[in-house]
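Number of protein chains: 2
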Amino acid sequence: MDQPKYVYAFEEGNADMKFLLGGKGANLCEMTGLGLPVPHGFSISTDTSRYFSANNDYPEGFQNQVEENLNKLEEKTGKKLGDDDDPLLVSVRSGAAFSMPGMMDTVLNLGLNDTSVRGLIKQTGNDRFAYDSYRRFIQMFGKVVLKIDGQLFEDAIIDMKKVKGVKQDVDLTAGDLKELVEIFKAIVNNNTDIEFPQDPLEQLDYSIKAVFESWNNKRAKNYRKHYKISDDLGTAVNVQTMVFGNKGETSATGVAFTRDAATGEKVTYGDYLTNAQGEDVVAGIRQTKPILEMGEDFPEAFSDLMTALDTLENHYRDMCDTEFTIEQGQLYMLQTRIGKRTAAAALRIAVDMEKEGLITKEEAVMRIEPDQLDQLLHPRFDPESQIDVMAKGLNASPGAAVGKVVFDADAAEEMGEKGERVILTRWETTPDDLHGMIAAQGILTSHGGKTSHAAVVARGMGKPCVAGCAALNIDVKSHEFSINGFVIKEGDIISINGTTGEVVKGSVPLVAPTPTPELKTILGWADKIRKLGVRANADNPEDASKAREFGAEGIGLARTEHMFLGDRLPIVQKMILGSEEEQAIALVDLLNIQTNDFVGIFSAMSGLPVTIRLLDPPLHEFLPSEEELMVEVVRMEYEEASEGDLKEKKDLLSRVQTMTEANPMLGLRGCRLGIVRPDIYEMQVRAIMEAACDVKAQGKDPRVEIMIPLVALDTELSYLRGITEKECEDVLEKRAMKIEYKIGTMIELPRAAVTADEIAKYADFFSFGTNDLTQTTFGFSRDDVEGKILARYLDRKILKSNPFETLDPAVVKLIDMACTMGRETRPDIKLGICGEHGGDPDSVRACHQIGLTYVSCSPYRVPLARLASAQAVLEEKVNTSISA
Amino acid sequence: MDQPKYVYAFEEGNADMKFLLGGKGANLCEMTGLGLPVPHGFSISTDTSRYFSANNDYPEGFQNQVEENLNKLEEKTGKKLGDDDDPLLVSVRSGAAFSMPGMMDTVLNLGLNDTSVRGLIKQTGNDRFAYDSYRRFIQMFGKVVLKIDGQLFEDAIIDMKKVKGVKQDVDLTAGDLKELVEIFKAIVNNNTDIEFPQDPLEQLDYSIKAVFESWNNKRAKNYRKHYKISDDLGTAVNVQTMVFGNKGETSATGVAFTRDAATGEKVTYGDYLTNAQGEDVVAGIRQTKPILEMGEDFPEAFSDLMTALDTLENHYRDMCDTEFTIEQGQLYMLQTRIGKRTAAAALRIAVDMEKEGLITKEEAVMRIEPDQLDQLLHPRFDPESQIDVMAKGLNASPGAAVGKVVFDADAAEEMGEKGERVILTRWETTPDDLHGMIAAQGILTSHGGKTSHAAVVARGMGKPCVAGCAALNIDVKSHEFSINGFVIKEGDIISINGTTGEVVKGSVPLVAPTPTPELKTILGWADKIRKLGVRANADNPEDASKAREFGAEGIGLARTEHMFLGDRLPIVQKMILGSEEEQAIALVDLLNIQTNDFVGIFSAMSGLPVTIRLLDPPLHEFLPSEEELMVEVVRMEYEEASEGDLKEKKDLLSRVQTMTEANPMLGLRGCRLGIVRPDIYEMQVRAIMEAACDVKAQGKDPRVEIMIPLVALDTELSYLRGITEKECEDVLEKRAMKIEYKIGTMIELPRAAVTADEIAKYADFFSFGTNDLTQTTFGFSRDDVEGKILARYLDRKILKSNPFETLDPAVVKLIDMACTMGRETRPDIKLGICGEHGGDPDSVRACHQIGLTYVSCSPYRVPLARLASAQAVLEEKVNTSISA
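Sequences listed follow chains A and B, in order.
Throughout the first sequence, residue numbering follows the numbering used here, covering 1 to 884 in sequence.
Throughout the second sequence, residue numbering follows the numbering used here, covering 1 to 884 in sequence.
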């Protein structure tokens, strides 16, 4: 009987086995296949991890497979586990299908015990190195595998240094370290139920289990939640022969990128540390050297590395990120993966690689994460503004941010949840800080390079980060930091510029960015591929111009309620509460004001369609709140206000009370308002057509689309279409002009979706209002559930993603149904969406699949939508050709 | 070229042509065909009316057809229009497909002019009668056709009586009336653009137009809205030779029913008036005589009438309602139709006719209007109560009602809209009072018999009515009435008993009725026919018992939130706001209380399924309101309350504020609450199972169905199903008992409906919560739209019916979709509805068509649902056989 295969030697796998062997394992296999110098090893499949998660035990036969592979490893390396002559030492590392840097546990130097430490001495002739390795192993094993408080080991080292009268770890002798080994073993024995295991197989067994368990630790779960990685994937475990970058000055360790991950420039990039182990580079604890200086110290290994990087980039046809170790002059490749990069770098690399003939235009388009574009389009410091630069650090992740200083991740999260903007400020970040980084506007660290944890994670999130700002001196106890003579307290506002590395006192005004040439190139290619139109949601001429600059092909949603606020509010309140005469005057005032508003928008969008939505919110939103008025009345009574004033206030209260609604979202708003107060809609339609006439008279080309919100019934729309047409024709006749106009509706209620065939009789276009449609389909009030309920739902996996960010499948189903039915009635009907989902890549993909005419999103999201909709086409081709 | 036929002689039509010739016209044709003595005439089709409504003009060729038919009428009668020897006089009456008593206009004595009045004198030898007829015609024509204020004619009569020194109309001589004719003609000439037309053809043309226009008058529209009659049907016009019941003591007019319309007894029933015209009987102005006394005054005509009634009932196989006139001893049948009847009469007639072999059981079941059953099941006076009978009137429409006295229809409507219960108290009602009758709990009149307007309309509506209460003396100016020495002011409460005719001072306690034997017979037949199960919504043992008595086959919805109110509220508030410890104590208290509640229900329903819904409303509904607390805080500040008290109040306010929701309907309620506060659901499930165990231990048979509300996602249900099963198993294990239980869900959100296949994986049953499903499908908050928006929507025909009363087609579509999808996953899934729609006949029909397992409605509606679901089966058979 064949047993399932759980363990794969590196020779047995390849890069395509990512889901089975994890990213790291599959790439180690691939590099082995390419003939690159990879230390021998094997990968334990994610199947095993899944089995382990479900059963809390290994599958049958698994341990035999591990032992077989260990035997082969001994053959290949000519070393033996636990040997007192030439012992085999291995590392045990997690490696999931998607990179989760630093999230899970790693054990190094496994195989050391009281016997094999002697073998290590024999092989290296370096007893200090051997005992140091041994104590490190016990320490790591104790902490990571046995969950012993790491401080116990640190304290023991401090005590030892005191006893020995030395200051630095490096001043401890081999003898001291040998003593420390015994102390560490005692710590293990005293703090767990077991003795430190001497048997390497037992060590390995404990370690594999620890890696599997680390898949479900809190920070790993948080990370996966943020990056939407399924908990079901599980992790692989890589067991690999140890090589040592800390065997003296002929050894080193480092990371290297085939191109610059920040700018995309075609130049090898990275850091290394002589006589160090890999974790030292990533943790940012010691000052690294740039990779290009490595040629001087390690000419042969450098040349081998350059060859390896070339091989990898040509093989993977993408920028690669590698980890390597030089052991006594010999280069070993320990890891490679497709390198993370900033949006700017992604764009440049894609465009360059297309020029170099390495990839096609389509591949170039697929190489950009739409969400990443957001960082390119993030605001930057206003160049006109006077700034007070306190210090400069590394420009670790581009973009600018302003916020209150906080010193720990929990505080960042807490304040972020309250809607406050914060800058998380740390000596360095660790995976435990992830939730704080998610909540922060930007990250500032005093330690670590551009490949430190803070830098890598921030770039991945598209958040500004200034790292390694050495001038920054944090005093956590006093809740402040000093920086070149400035003292900044927790809660003070600072600004950081991740593009330049500047750290600035106070709040710097931010300005919108302008697209780079590479962005234009990629988006140009995307435009040729995509089928979805892209419009923007904009309510004023400035936003409209910005949208046009970003490539919007029209306005999909101009909300008119914003035009009812500010200094117009008193007029609007008259329109609502005034006498019949006052209402009429207010409507005339608003007609003039709104006409002006629309003139601005139509001018900015001349030649492109502008969809204007008639008033949507309930009228009481424009009135003082009931609660406030009630309190005011009571106060006035106590204050013995004049009877007239009191009566007036009471009257207002009573008017407001009649208008107050139990569930305003489902009350007198949208087209219902248009039916109950047709005078308001008439005024708005008149203003729209007057404006269109004015703009046309200026020689421009207004493209008018009038949208009626919150329709549930075909009869609502037919009634309001009648009113709308009448006003339009009136104005056009009066002005003696001819302007085409369309009248359409929002589909944002389930009833509208399931009766779209009837509604389409009266609609030139549908625009899916996916915010309201999601609210009514779920019976969720976004205001009420997003805080209290959604977080818990996401935690408990009751929801996979926030349906207000990414279109829910059931909502997609309703939209799809509505499109099919709408087209049955009116084959040429224009179909768009104008909810916030229009700027979400997954939702854009769904819109493409449904076959909508366009998506409409915020101006800053227009480039993202252009890219995502092209990718949807390309993905479809791939899927088609696979299924064909 | 054939012209469409617009005009049908009575010989040319039959009863099946109701939609073309109106009910009255078609039945006149049918009676003519049966050889009954019908005055000759013809009907103008509803096609003509529809054409007229659309074009405000007659169709081409119509007038020729009218003239041809007039010529034939002259031939048949041997009389000539406008003749000075033997003039033809006709009546012009509206007649729509569905009876709309008194809603539209009628013109009598048409054909009289200065010439033909002489002919009438010749024929009758009665110049007073002739001139009186002529002045009546001018008066009616002026008022009805030319819209002249009727008071002008009344004033002229009063003036004439003064001039002549007489008191009564009957004291005016032929000469006086001849003078009055001239005065009336002058009134017409002075108040319109035309002179009173002497040409009978012109008179007819004006009158036909007036009838067509009356189709669209306000009261006709109101009537149609109430009875859900389409505005598109249009009305027919019947032109019929006049016969006169007012030609002296040998003439009479009356109405006759083939059986008693109030009790259903097989006895001829009706009223007549000697020397009177038909309107006098219906208007209830003069005291009528019972029909059975007619044999003495008019032996021959009475015998003819009895024969005609027999013929009609055997022919129509139903109780008929007729109008007749005796002109100088000769009987003429002027109208017949299927008679309106009380619910009790409908049941008795149906059961009797089945016994008589006249109709089948299925027909008997179809004969009962489900809505009518409501009146049978209306409360009646509690026989135990002491009542203070002020007077007795006619028992015109059965049932008892309690309410405030109002004297006009507008006030009744206004107070009704505020939710107040009113008794509309009038001398007599007219069609203009309809809106007030709709709004009232009951109707009380001082004039008119059991066939008066008030009585007929009240019976149709199933509202209690006491008519003809002669002791009632209304003083509208003083806003009071006196009755046998009692003085009752407007706004005082009275009670009326329409079954006995009693009028009682103050509020009489009402009790639920017990079903009659005929009801049991019919429902027994219905039960054999229907496929839908019928359950009841009941939250306590009393309602559960009542439901069982009415034939409920289980409880479809037991709401648990009612069990959280009253003296339990303080405990519930502790459960919400208390410290952790207080919450735990409160939960234990509630566990005991709820267990008791459930024991009562399970006992009452032993052997039948009981579906208990876990807590649904948001928790803040159990707390004091935010507004009140805000005001209290301000007051306490001014009153300088102790700091401790103030702080406590402020704390409470702040707790309430965190819980207050913008749209509570769409917030933290239903299963969301169960997920956020699982302790509450756990307590409820435990109480349910403990109760089931207790009841089983008493030897009874509890059938437990636990229902989880407001599910949007399959994952919500799977999570809560897990919690529910765990609690159930815990209890059963602890009690060492075995009880089957089902766990199901409400489908009340569109998302649940369109993903029912996924949800069905975790649901043993679905219960469609059609109230919430309607709210979310429409995006309507019932609280907010029902007052402000729905009335307008119904007025403007934007909605055909209130979707909270009758299932909306789009909601039906979603339910249908959900059932299909649910059955795909789980073919044996139980499907029910438990919204208020379960007691609405149209909605029950829809539920049958969808193929639900059961409907659940209020206990009093259970008989209705049993009947309606049987009718749905029978209708389907008819439809099937027609389409086959």
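FYI, nobody ran anything at the bench for these hints, they're computed from the structure.
Just so you know, not all the hints are guaranteed correct.
The list makes no distinction among identical chains, and a pair is therefore deemed to hold if it is satisfied within one copy or across any two copies.
[As the list claims (entries may be wrong)] Here are the simulated DMTMM-like cross-link-like pairs (lysine to aspartate or glutamate), alpha carbons at most 25 Å apart as the crow flies:
no.	residue 1	residue 2
1	418	651
2	738	11
3	266	354
4	647	740
5	761	300
6	76	371
7	162	567
8	80	202
The hints, checked one at a time:
1. Taking CA atoms no more than 25 Å apart as the test, residue 418 paired with residue 651 passes between copies only; the shortest distance there is 20 Å, against 36 Å inside one copy.
2. Taking the shortest Cα distances, residue 738 and residue 11 never come within 25 Å of each other, neither inside one copy (75 Å) nor across copies (59 Å).
3. Proximity of residue 266 and residue 354 under a CA criterion of 25 Å is satisfied intra-copy only: 13 Å inside one chain copy versus 97 Å between copies.
4. With identical chains, the CA atoms of residue 647 and residue 740 are never at most 25 Å apart, being 51 Å at best within one copy and 64 Å at best between copies.
5. In this assembly of identical chains, the alpha carbons of residue 761 and residue 300 never lie at most 25 Å apart, being 76 Å within a copy and 64 Å across copies at closest.
6. In this assembly of identical chains, the alpha carbons of residue 76 and residue 371 never lie at most 25 Å apart, being 45 Å within a copy and 90 Å across copies at closest.
7. In the homo-oligomer, the alpha carbons of residue 162 and residue 567 never lie at most 25 Å apart, since the shortest distance is 72 Å inside one protomer and 70 Å across protomers.
8. For the homomeric pair residue 80 and residue 202, the shortest alpha-carbon distance inside one copy (15 Å) is at most 25 Å, but the shortest distance between copies (124 Å) is not.
When each numbered hint is compared with the structure, violations occur for hints 2, 4, 5, 6 and 7.
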